[in-house]
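There are 2 protein chains.
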Amino acid sequence: MQHKAEVAIVGAGIAGLKAAASLVDLGCSVVVLEANDRVGGRLKASEVAGRVVDVGGQWVGARHTVLLEEARRLGIDTYPQFAKGRTQLQLQGRLTRFTGDVPRMPLLALLEVARLQRLWARDMATVPAAAPWTARNAREWDAMSLESWILDHLHTAGARAFARIVPRGAWAAEAAQVSYLWFLDALRQCEGFGYLMAVEGGMLDAKFMGGMHQIARRLAEELGDRVMLSAPVRRIRQDNAGVVLATDQGEVEARFAIIAAPPGPIASIQFEPHLPALRDGLQQRMPMGLIIKAAVAYPTPFWRVAGFSGQVATDDDVLGIVMDDTQDTGPAILLCFIEGEEALAMSAAVPAERRRRVLASLVRFFGPEAAEPIGYDDNDWTREPWTHGYVGAMPPGVMTRFGAALREPCGRIHWAGTETATEWAGCIEGAMRSGLRAAEEVARRRNQ
Amino acid sequence: MQHKAEVAIVGAGIAGLKAAASLVDLGCSVVVLEANDRVGGRLKASEVAGRVVDVGGQWVGARHTVLLEEARRLGIDTYPQFAKGRTQLQLQGRLTRFTGDVPRMPLLALLEVARLQRLWARDMATVPAAAPWTARNAREWDAMSLESWILDHLHTAGARAFARIVPRGAWAAEAAQVSYLWFLDALRQCEGFGYLMAVEGGMLDAKFMGGMHQIARRLAEELGDRVMLSAPVRRIRQDNAGVVLATDQGEVEARFAIIAAPPGPIASIQFEPHLPALRDGLQQRMPMGLIIKAAVAYPTPFWRVAGFSGQVATDDDVLGIVMDDTQDTGPAILLCFIEGEEALAMSAAVPAERRRRVLASLVRFFGPEAAEPIGYDDNDWTREPWTHGYVGAMPPGVMTRFGAALREPCGRIHWAGTETATEWAGCIEGAMRSGLRAAEEVARRRNQ
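Note that the protein sequences, when read in sequence, are chains Y and C. First residue of the first sequence: 1, per my numbering; consecutive thereafter. First residue of the second sequence: 1, per my numbering; consecutive thereafter.
The set of hints was computed from the structure by calculation and includes no laboratory data. This structure is a prediction, so every number in the text was calculated from the model and none was measured. Think of the CB as a built atom: it goes at the ideal place given N, C-alpha and C, for glycine as much as any other residue. No false leads were mixed into what you were given.
Restricting the straight-line Cα-Cα distance to at most 25 Å, the calculated cross-link-like pairs of lysine to aspartate or glutamate (DMTMM-like) are:
id, chain 1, residue 1, chain 2, residue 2
1, Y, K4, C, D248
2, Y, K84, Y, D324
3, Y, K4, Y, E272
4, Y, K4, Y, D248
5, C, K4, Y, D248
6, Y, K84, Y, E372
If you only want the chain Y side, here are some residues facing chain C, beta carbon under 10 Å, derived:
id, residue
7, A35
8, D142
9, D152
10, A175
11, P232
12, R234
13, G281
14, Q284
15, M286
16, L290
17, A343
18, A345
19, D380
20, W386
21, H388
Kindly produce the complete structure, drawing on both the sequences and the hints.
Laid out in structure tokens, this is it:
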């Protein structure tokens, strides 16, 4: 088969779909090539105890304007994240329970937690959105891991443990694996530590009734047969005349391409001519965070009765983060995030063992009722074809050398995907904005 | 087309060829699938001023027993690396010239250079060959970049600059980009800093008359039509019965596969079922060093007359390393290595500009005669299809989490390539030994 379009878009995740929709609005012909047999990318639906759940991206933050506007247009409502009652924080085997924003910790550790937030906020403020690699201290901060920063700046075991759960909880990456400069930019992308962690009015403000993944499905429905499933792109050739994309379902000819996928997994495509060293080097250096997301259903939110919010954060358990996902009707649900090294170990376990371990942890945090769920499902993103993980993160020495390649077009090829966003990277909002930005870039060239 | 063999080997670099030869010796049927239209992988020939030169791997170390034995068998002679006369070291704009092993530096810096060698030797000695991730301080050392180690342990600008040129010169990776644990293991693989830097009796002891690449070519000739060129493997399916490799030249069925390629570039292959998270994660986290190798030919080795050895090491020039490659007959040649960020910049330049910059640097180090070469050629390894660079290096947090995946077979798939070696990784010797090891693994299973 042979297809033609003005713009070929690789990836029917939310970035690719939004780019396609935006170009179609401008009267441009597009084809969206999706490797999977489903749309959505890192948005994905499952069903647990009769309720549809998101096993991928799910939260919508309070200032995620593009996403909220899209949902409004599609008539998809939000429901707030439940956060009443006690939160549980277990660091290095020590479990504490508290209400409000301030964890219970030894005073010195607590003072250091406050201090680290000030230091991060101060450093973050010097990182320019469009070019983090030009920050005044970019070289110094990019040469060290976040772990090195933690050891240099924090002295209490409590504050160090607290700092380490931030990259795990937010990006499924470990402090030893990410550059301090990348981390600061990732914080900045989410308007800082306070917003990142906040429920009401923050990043965890709300979720979508019927699931976030619907937004991808609905956008794809509107695009109709412009979206081609099970069409992995194996090779992309470009010359002065245009681009030719070789897929398992034939070739597609276009004037321009937008690749809307995480930088790492793009390495599975062969480019002719070879990509510039800067872009190719970036793709080799932005590994995906390790995560398994589980949804566990119960007849009632028994934890609420016991005074728990459902929120847990740990540094020494198979579960890194737990959150309540109960709606007004239907089953009560706890969302469980297995991250980093725990995800590596649990990815190697058989599903029954994973379920057993997750339930055993929930029993420790919420009592014996947690042992009797009415539904369980998990999605191992480390084994997700074409995605290979959660979100791309940069090790030391990458942002300053390769950061400029994130959005820089290579000939007729433009780049989208949440990793390329300048605001809300790592979020669905960032994915959408990146799709709009790439569509604008192409639209501008199309009219030249 | 449909092919069958007991073992399918992916990659006709020296590791894959050696594995194939070893299996053929055991009476095993093999097919070697090479993506390129040439064999050799990171061994590659070119011609400059009528002489064949290696634009890829070239040196044979004094204890590279497998490689030396292979060359003896094939009747390929060595010639010693020339090293008489003054070496030039330019750090942070300050050029010094010296004979012997001890660079000219301010006394304090020199004392620190001696001290850093003791510290590296001490730490290196605690890193076990088979499992660097089990070293007593593995977690601590893997959590920091080599650059963080340098800033923590060295105080003079001279010693810091000297330390930073080691990973660039040896693995084309920057101190900010590699884990201190990985660096220690890389040093250990090469028997330590002294051996790594040494000419006579060391890593730079000798080169092969007619070129190192011949060894690959000759091994391939012996394998005959078992080697299939221009056959990139796109997908590998495995089940209890065997493996099926889908290439651009049809499918190959085998009982086992050996993938003899650097971990990073393997990510271009789609595996069914998905690779385990540990292996897939490794492949996302071992980027290839950035290097361009140039050979510049002159009628005579005029630098020798001026008392220079031809050896240069710099931290602030387009050339990172220069070495003499003159033989008894034929043109005099200087080999020039452009590494790290300089390789990124020069890869983006047009070839004429690259040549101009290389010659301008050679003039600075060796005088005006360097401006008039009788031949020039370079190979940009960052744009080399299927290889994408020099040698895989690990950023912080990778060795301790993913190191165990380097050699661990995944079902019927075994791994070879210099990065998987436990001795001489990064060298051709390591590649050969890795091929032998993988062949042994498969031979053992074949007889079970």
